[in-house]
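Participant: Chain residues, written in single-letter form:
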Amino acid sequence: MRCREVEALWDDIREGMPPLRAAVHSHLRACQNCQDLYEQYEGVAYCLSCLPQPEPSCDLAKRVIEHIATLQQKYRSTPIVLTWVQTRLGRIYVGYKGTRIAFIGLDRGDGPDKVREQIEHRLHRHVDKGQTPDWLGKVFDDYFKTWRVDEDTVDISDLTPFEQEALKAAARIPPGEVRSYAWVAQTIGRPKAARAVGQAMARNPLPLFFPCHRVVDSTGALHNYGYGIEMKARILTMEGYRPQR
Amino acid sequence: MTALAPLLREYWVPAPAQQKKAVKRVGAPGVDRFDTIVDEYERRLYGFALRMTGNREDAEEIVQDAFVRAYRALAKMSPEQRAELRLQPWLYTITLNVTRNRLRGKRPTNVALDSLADPDALLRGSRHDGPAQPEKILEQNADMALVERALLQLPMHLRAAATLRFIEGRSHPEIAEILNQPIGTVKSHVHRAVRILRRILGPQIGRVVPEGATVHAMS
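Residue numbers (the working numbering), protein chains in the order written: chain A, 1 to 245; chain B, 1001 to 1219.
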């Protein structure tokens, strides 16, 4: 056996591989250099194994359990009510919490049960089917007039802080204009997070209201959209966007 | 070289955990069941996160975040998926991912690591030492801080491999599963980590390792 081959087996022989172990040992006996290195190797392993087991704060487990209990309580406390409204873009499913909208989804023919699953999966909240309150129609009427939404009518508190920031940055893009994922990343002070911004846009529970359709790739290509790239182009055109050629 | 080189020293290093032991089956999670998971793994995951970050506050936040993610993921799994789940490696993987996300973009830690080595742990008596003497404890504590500092100088992927292998005592196949890497890559990372640590610790290894650590010579 050569020195290199033996060195590659040092860690293996600790787990017990009798035939190779004998071969490694016989090489080590004959090779002073390998013997010195092996001793150092074992020394390093020993040093690491001797590091004391660190103790977390005594209340860490309690804090974890309490945090999870809060999440569970949240899931059960304010359910999301699922309904739908008819708009210029066809039927739109809407999930609202109290007087704020937490989810919207264009109808893809999935049916309300499938949409309910999607919301539960995305927002970790219980979803009930319900009525369409009057204020909901007004929010959509206003939106399709101005292409903007009043922030008091939406709720993104179930999202991560990063997702919230990315969506709020996207909401600053004027209707009929587009910006890149990198621009959004830059705007929220995370210039290297363009891909993460892409993820946040893809998981946006409030498309249209938080206009992920106005976020495109750095070349100006529309890139992608949950409802298809044609829908992205259609919404942008409705807003007055004219692609530069 | 003499005809027969001197016998080698072998140190007592905990044997890697057996594969069988690592297989944990879990049932449907609820706070009542999940707290047993938290109790069982909290210290281990904290230790791992601390070795990876070198910072107690970061490590605690990482553990908290990892458990929340685990809880959410378990809640979404079907009973079949949960029955198939190998809990321990999976929890390590989540902890590592949270650690990576947290450390990404952060500069390597340069906090005062002397505070890391826990004098109380040494006072309680580790595996090898006899009756504790104050000056001995101080010296050992300084040595442990030295080792901790050396570990933190490794690139993250090598640090993870070395920590899982020698501190957490995981086997190669288990580490491969945790890191989602082929076993050959794991072995090579462990080896490279030790090479670098050997270079960093150098002559101090002999000082850190007590004479009494020789458990059995090579036969």
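Derived by calculation from the structure, the hints in this document are not laboratory data. These numbers come from a predicted model, not from an experiment. Wrong hints could be hidden among the right ones.
[As the list claims (entries may be wrong)] 25 Å max Cα-Cα, derived PhoX-like pairs, lysine-lysine:
#1 A:K74 x A:K97
#2 A:K129 x A:K168
#3 A:K145 x B:K1076
#4 B:K1076 x A:K192
#5 A:K129 x A:K114
#6 A:K97 x B:K1076
#7 A:K62 x A:K97
#8 B:K1076 x A:K138
#9 A:K74 x A:K138
#10 B:K1076 x A:K168
#11 A:K74 x A:K62
#12 A:K74 x A:K129
#13 A:K192 x A:K168
#14 A:K168 x A:K74
#15 A:K97 x A:K129
Participant: Need the list of violated hint numbers for this structure, in ascending order.
Facilitator: 2, 3, 4, 7, 8, 9 and 10
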